[in-house]
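Peer 1: Taken in sequence, the protein lines are chains A and B.
Per the working numbering, residue 1 is the first one in the first sequence, and the count goes up by one each step.
Per the working numbering, residue 526 is the first one in the second sequence, and the count goes up by one each step.
Calculated from the structure, these hints are not laboratory results.
Small disclaimer: the values here were computed from a predicted structure and weren't measured.
Among the hints, erroneous ones may be present.
Result set (DSS-like, lysine-lysine): computed pairs, CA atoms no more than 30 angstroms apart in a straight line [said to hold, decoys possible]: (1) B:LYS730 - A:LYS169; (2) A:LYS165 - B:LYS693; (3) A:LYS439 - A:LYS413; (4) B:LYS584 - B:LYS535; (5) B:LYS626 - A:LYS169; (6) B:LYS709 - B:LYS535; (7) B:LYS578 - B:LYS709; (8) A:LYS165 - B:LYS585; (9) B:LYS584 - A:LYS165; (10) A:LYS384 - A:LYS303; (11) A:LYS269 - A:LYS21; (12) A:LYS225 - A:LYS21; (13) A:LYS169 - B:LYS584; (14) A:LYS384 - A:LYS165; (15) A:LYS38 - B:LYS527; (16) A:LYS344 - A:LYS225; (17) A:LYS413 - A:LYS303; (18) A:LYS303 - A:LYS165; (19) B:LYS629 - A:LYS165; (20) A:LYS225 - A:LYS384; (21) B:LYS626 - B:LYS578; (22) B:LYS527 - B:LYS709; (23) B:LYS527 - B:LYS626; (24) A:LYS269 - A:LYS384; (25) B:LYS578 - B:LYS623; (26) A:LYS169 - A:LYS303; (27) B:LYS578 - A:LYS165.
The residues making up each chain are set out below.
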Amino acid sequence: MTPSEESFHLDSQASGRQVLKAIAARFSTRSELLPNRKTIYYDTFDWRLHEAGSVLEVNTDDRATTLRWQTPDGPLRELLPPDGVPAFAWDLPAGPLRHALSPLVEMRRLLPLVHLETSGEALQILDDNRKTVARVVLEETSAIRPDETGQRQSLPLTLRAIPVKGYQKAFDALLQMLSEESRLEPAPTPPLVLALGAIDRQAGDYSSRLDLRLEADQRADEALKQVYRSLLRTIIANEPGLRADLDTEFLHDFRVAVRRTRSALSQLKGLYPEATVSEFRREFNWLGSLTGPTRDLDVNLLKMADYRALLPEEVRADLEPLTEFLERHRGLEHRRMVQALAGKRYRDLVERWQTFLDQPPAEGELPRNAATPIGELASRRIWKAYRRVLEKGEAIGPETPPEALHRLRIEAKKLRYLLEFFRSLYDAEGVTRLVKALKQLQDNLGDFNDFVVQQATLGRLAQQMIDERLQPAETLMAMGRLQERLENGQEREREGFYRRFEKFSAPGNRKRFRRLFKQQERPER
Amino acid sequence: MKVFATYNIKGGVGKTATAVNLAYLAAASGARTLIWDLDPQGAATFYFRIRAKVKGGGKKLVRGRSDPDSLIRGTDFEGLDLLPADFSYRHMDLALEKTKKPTKRLARLLQPLAAEYDILFLDCAPSISLVSESVFVASDALLVPTIPTTLSLRTLDQLRHHLDEREKRRPMVLPFFCMIDRRKSLHRRISDSTDSSTHGMLETKIPYSSVVEQMGLHRAPLAVFAGRSQPARAYEELWREIGTRMRP
Ligand SMILES: Nc1ncnc2c1ncn2[C@@H]1O[C@H](COP(=O)(O)OP(=O)(O)O)[C@@H](O)[C@H]1O
Ligand SMILES: [Mg+2]
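Excised from the complex, chain A in its bound form (with noise of 0.2 angstroms):
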């Protein structure tokens, strides 16, 4: 094993010089020309690799450019074309570290963090062989913000040790003299975080999901505005990515955020004065219908590659059409998306929700349950739905039409929903676990769902083919194979989803949902 470099911060290029000296006083050494470096830290906009905990850059200098992968598990790395940075793990040559990425990565682009620009100069130190046998790098770095504004900071003056691989005891004796001639301390933070720090970021600043502290005996209209604010930080947050057309996850979550919104205003009622939730409703309604084309499209489009895979080998090049076809139809959806959200009565319901939710708590005559600790609203209404799940699941049986486990699906949703904004009152262990459980229930409803609707969405879009005169009769037959095939997974999710429910319905779940969310009875307010 080669030993890893080290780092060393210096305050002063002086100081730096005199390292230097005294290297050179000691051991044999020769000066070496560094070409200059430039370095792109990349992550996904919800910062998958970060949260991996690993560090992907890209390396550029008179030689090659180079993707390097940081993982727990040691480094993967990729020679690239030198304009070849690539935007989605799709677009990186095939090999182990396009392997070990995509599935992380997914369908997220890949957006530089921050760029580096490195000079400086080094001392070889040799043997007696005049060989080399370790390296000295005083650099000098700037980390730039990777946007218009090109805003450029300079990093600590950094001292590297480079090991040679077998030369360990020279190594060692730099480091011993490092330490204690010139009393250097390694560098305590790793170059990735001082570069975000320098360009005022921080790893890990976005996520979709909730992360709410919550007070059981808050108002629960206060709580609940808590709730509401975080979602439109998350929409706000999503804005950008959404019309410059990113990636399609930007959507995603975006609409998942309103979705909650939705799910919230119409689940915990009597918080607000009825006229403005109400009108908060409407828009937000407006608001998902506004975007669902585009999403559908999206999800369509996610799905071909499922749909390749599905047909044998020589009819997969017959479904080329029906993805230029929902590439079209995807760009203008998006355009006309992007369009309305950038007019009047989208821009009036961010502000008018912004300052709604920013207003003072309530005084005088209030809604019946806005004084109600949030705790107490909280464990009721999850109780309830809860039950409504329980109801809804052991009613199926083989008979049951699909539309009872789609309202069984809309019911878990919603109880998943209570869960996630509630979750911070409750013990964090038990709260999990039932999430688990839930969504276990959950992904069989959600696939079974996709069968039943893609069978529809198939259908719907042959339609449209042959209505825009796009006559590809291979095509049309191969849509017709898939929603066989198609038909096929409908039935194995439903045989599967007898043995998740009675996972999800077990008695140690009902003993558990009962401890957490089971209160006295008492009349609603």
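Starting from the known structure of chain A, arrange chain B with the ligands on it as the hints suggest.
Peer 2: Quick look at chain B with the ligands alone, frame taken from chain A:
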């Protein structure tokens, strides 16, 4: 990882000079490169100022009793490492013979290196034996430096014939003329008249030049001390041409 072997039954034809200069160029273009000095004489090891092992390491390595990674040394050049020669490689045939599947042994040894390196050069000793057989199995391409004589062209044909007779996977054979001395009429005649169609020779030719001999003095690849010299450029051209041939 692409594996190249510089190979020729004969010694003194430019195998090591080729391996050293091409490995340097590969690393300089950003590929993580390893050169394994399989010749007990250790010329490649010497060029990189690394000490050869006296005994033991190589034999243990072949028998799978030690990890190649622990023997690898970094060279003076970033991205270029070397697995040093070992005196015991003299008896590599014997060592190989004692292993279970001698001809696949080398390929097995290389497997763990695939994650670390993009390109591997095997700098072979001249011989046709179990070691060569192992090299054929492990390599993607044999780079065959060929001095322009009638005899060496015949040897080349024999090599091809031998590779075709085997049942195993066949490495690509990429021969090129080397040490061409324009003053010798034989060299001129053969190297000018032989084209890629007849013996599959690469277009690039490495001229005879005393600069190449000076590598022993500088103990460094040509690019480091004579980057603009004719042979240095010829090696660059050769590496480019090999790149186009290797592309699928
Ligand atoms: N193109 C060349 N011109 C002149 N001398 C060369 C050339 N190539 C190699 N040599 C010299 O010939 C000798 C043998 O070369 P080497 O690369 O060690 O051959 P091999 O590895 O095939 O035994 C070395 O002294 C080397 O410097
Ligand atoms: Mg040699």
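Peer 1: Check whether the Cα positions of LYS169 (chain A) and LYS584 (chain B) lie no farther apart than 30 angstroms.
Peer 2: holds, 25 angstroms
Peer 1: When you check the alpha-carbon spacing of LYS578 (chain B) and LYS165 (chain A), does it fall within 30 angstroms?
Peer 2: holds, 16 angstroms
Peer 1: Hey, LYS578 (chain B) versus LYS623 (chain B), does the alpha-carbon distance stay inside 30 angstroms?
Peer 2: Between LYS578 (chain B) and LYS623 (chain B) the Cα gap is close to 22 angstroms, so the pair holds against 30 angstroms.
Peer 1: Check whether the Cα positions of LYS165 (chain A) and LYS585 (chain B) lie no farther apart than 30 angstroms.
Peer 2: Holds. LYS165 (chain A) to LYS585 (chain B) sits at ~20 angstroms (cutoff 30 angstroms).
Peer 1: Is LYS626 (chain B) within 30 angstroms of LYS169 (chain A), Cα to Cα?
Peer 2: Measuring from Cα to Cα gives roughly 37 angstroms; hence the hint is violated.
Peer 1: With a cut-off of 30 angstroms on the C-alpha distance, tell me whether LYS629 (chain B) and LYS165 (chain A) pass.
Peer 2: It holds: about 27 angstroms lies between the C-alpha atoms, which stays within 30 angstroms.
Peer 1: Check whether the Cα positions of LYS584 (chain B) and LYS535 (chain B) lie no farther apart than 30 angstroms.
Peer 2: holds, 24 angstroms
Peer 1: Assess, step by step, whether the Cα of LYS527 (chain B) is no farther than 30 angstroms from the Cα of LYS626 (chain B), and give holds or violated.
Peer 2: holds, 22 angstroms
Peer 1: Is the straight-line distance between the alpha-carbon of LYS730 (chain B) and that of LYS169 (chain A) 30 angstroms or less?
Peer 2: violated, 43 angstroms
Peer 1: Taking only the CA atoms, is the gap from LYS584 (chain B) to LYS165 (chain A) under or equal to 30 angstroms?
Peer 2: Distance ~21 angstroms between LYS584 (chain B) and LYS165 (chain A) Cα, so the pair holds.
Peer 1: Within a Cα-Cα threshold of 30 angstroms, do LYS344 (chain A) and LYS225 (chain A) meet the stated pairing?
Peer 2: holds, 24 angstroms
Peer 1: Mind checking the alpha carbons of LYS626 (chain B) and LYS578 (chain B) for me, to see if they're no more than 30 angstroms apart?
Peer 2: Roughly 26 angstroms between the alpha carbons, so the hint for LYS626 (chain B) and LYS578 (chain B) holds.
The structure fails hints 1, 2, 5, 7, 10, 11, 12, 14, 18, 22 and 26 (numbered hints given earlier, in ascending order).
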